[in-house]
Amino acid sequence: MDPNKKTLIVFSGDLDKAIAAFILANGAAAMGNDVTMFFTFWGLNIIRRPEKVRVKRSPLQAMFAGMMPRGAQRLGLSKMNFAGLGPVLMKRVMRNANISSLSELIEIAREQEITMVACSTSMEVLGLAKEDLIDGVEIAGVATYFEYADNANVNLMV
Amino acid sequence: MDPNKKTLIVFSGDLDKAIAAFILANGAAAMGNDVTMFFTFWGLNIIRRPEKVRVKRSPLQAMFAGMMPRGAQRLGLSKMNFAGLGPVLMKRVMRNANISSLSELIEIAREQEITMVACSTSMEVLGLAKEDLIDGVEIAGVATYFEYADNANVNLMV
Amino acid sequence: MDPNKKTLIVFSGDLDKAIAAFILANGAAAMGNDVTMFFTFWGLNIIRRPEKVRVKRSPLQAMFAGMMPRGAQRLGLSKMNFAGLGPVLMKRVMRNANISSLSELIEIAREQEITMVACSTSMEVLGLAKEDLIDGVEIAGVATYFEYADNANVNLMV
Chain A
1 MDPNKKTLIV
11 FSGDLDKAIA
21 AFILANGAAA
31 MGNDVTMFFT
41 FWGLNIIRRP
51 EKVRVKRSPL
61 QAMFAGMMPR
71 GAQRLGLSKM
81 NFAGLGPVLM
91 KRVMRNANIS
101 SLSELIEIAR
111 EQEITMVACS
121 TSMEVLGLAK
131 EDLIDGVEIA
141 GVATYFEYAD
151 NANVNLMV
Chain B
1 MDPNKKTLIV
11 FSGDLDKAIA
21 AFILANGAAA
31 MGNDVTMFFT
41 FWGLNIIRRP
51 EKVRVKRSPL
61 QAMFAGMMPR
71 GAQRLGLSKM
81 NFAGLGPVLM
91 KRVMRNANIS
101 SLSELIEIAR
111 EQEITMVACS
121 TSMEVLGLAK
131 EDLIDGVEIA
141 GVATYFEYAD
151 NANVNLMV
Chain C
1 MDPNKKTLIV
11 FSGDLDKAIA
21 AFILANGAAA
31 MGNDVTMFFT
41 FWGLNIIRRP
51 EKVRVKRSPL
61 QAMFAGMMPR
71 GAQRLGLSKM
81 NFAGLGPVLM
91 KRVMRNANIS
101 SLSELIEIAR
111 EQEITMVACS
121 TSMEVLGLAK
131 EDLIDGVEIA
141 GVATYFEYAD
151 NANVNLMV
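Residue numbers (our numbering), protein chains in the order written: chain A, 1 to 158; chain B, 1 to 158; chain C, 1 to 158.
Isolated chain A (complex conformation):
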């Protein structure tokens, strides 16, 4: 076990939880930790490309993929979403307070070489392919998660 390794499972695709996850991950990385983020289920939406991607999907997969938000700019809040107004206001408050936006936080995570892993099982369930995700994301399963978690001293799930 290495006191300088951390992992974070990001299950939620809510804007507020995504922000919290990246603030934790970036903070840990800035303190010299190797950080690995595992995106699973709705959390995969955080690392989707904003543009529509042509991928072979079953009708049901296409339905899920089509209804879920594509990327950091389109996420809703877990509370006080108000049909999309909440996120707009929260982004504005964050900008006013000079806090990085989620897109910026993701960029910082990449600059800090945080390892981002997408859960292969969830991708199949939700009909997402590698092409749907932003660059630099690895795809792996639960065994890979525990290999990382076994070597980390702080493991969280959001």
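Everything labelled a hint here was simulated from the structure, so no lab data went into it.
Footprint (simulated), chain B over chain C, 3 or more residues, beta carbon under 8 Å:
# : region
1 : 12–24
2 : 78–89
3 : 92–106
4 : 151–157
We put the CB at the ideal spot given by N, CA and C, even for glycine.
Chains B and C: place on chain A using the hints.
Same frame as chain A, but now just chains B and C:
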């Protein structure tokens, strides 16, 4: 602390989170870990028997117990539930992708001898008795949780 | 790493999750652990003062601060909230079962000298100031969290 022990608190009773919890637990067990799952609050609904059970409950407890879903087949999704349509579609997508259903995941967990513990305090709050739960579930409190967690190297909460 | 230290990130401001967090924290403390709770995002609402507080806020911050619940008495449930009826019924069930209310659980946490930390970044986003919070809460950022988490053997996020 034992690098081959893991614990998972399952607070949520959402189908998607329950699936994630059991995929994590079963994956860890398949890798040779002793896994303990603690079901608390709505998470107790995952391990409820599907049939109605006659148990002495106060009127308020009966109300909570009566309105909550009974078991893995009746859970809703945390997102895109669409009044019960979402779970139906998700189950179909999972079957198409040859991913085990939640009921099968629970069965696998039992075959792998994952320890399942129901939180006694939550059971009292929600009006659930031992008879309401599937076989093989122990009942214990927070002290038992920490005894397990203190000896595990990965502790998560869903 | 100290086997007698625990941390808990409280992201959620739901009554049920707040109760779970404090039962875990108080249980750990009763077993002789040093426990630190980090309140972030909606979790800050759990430790807000019940009364209105006059603080300088931007109009947007005032809006968020104005709409969010002030303190343990006003939180909703994550499930079965029924426009505020759910929490009333849950409080009654808990009282009948002789389980401490959330306000009492917070009081017990203080008596057990559980360290409560409010996340400075979230406070800015949601427009909350030190004056908005109950007494005895420290304010700190993500670096402080990891200093505590690095020294603890169980770290959870609710």
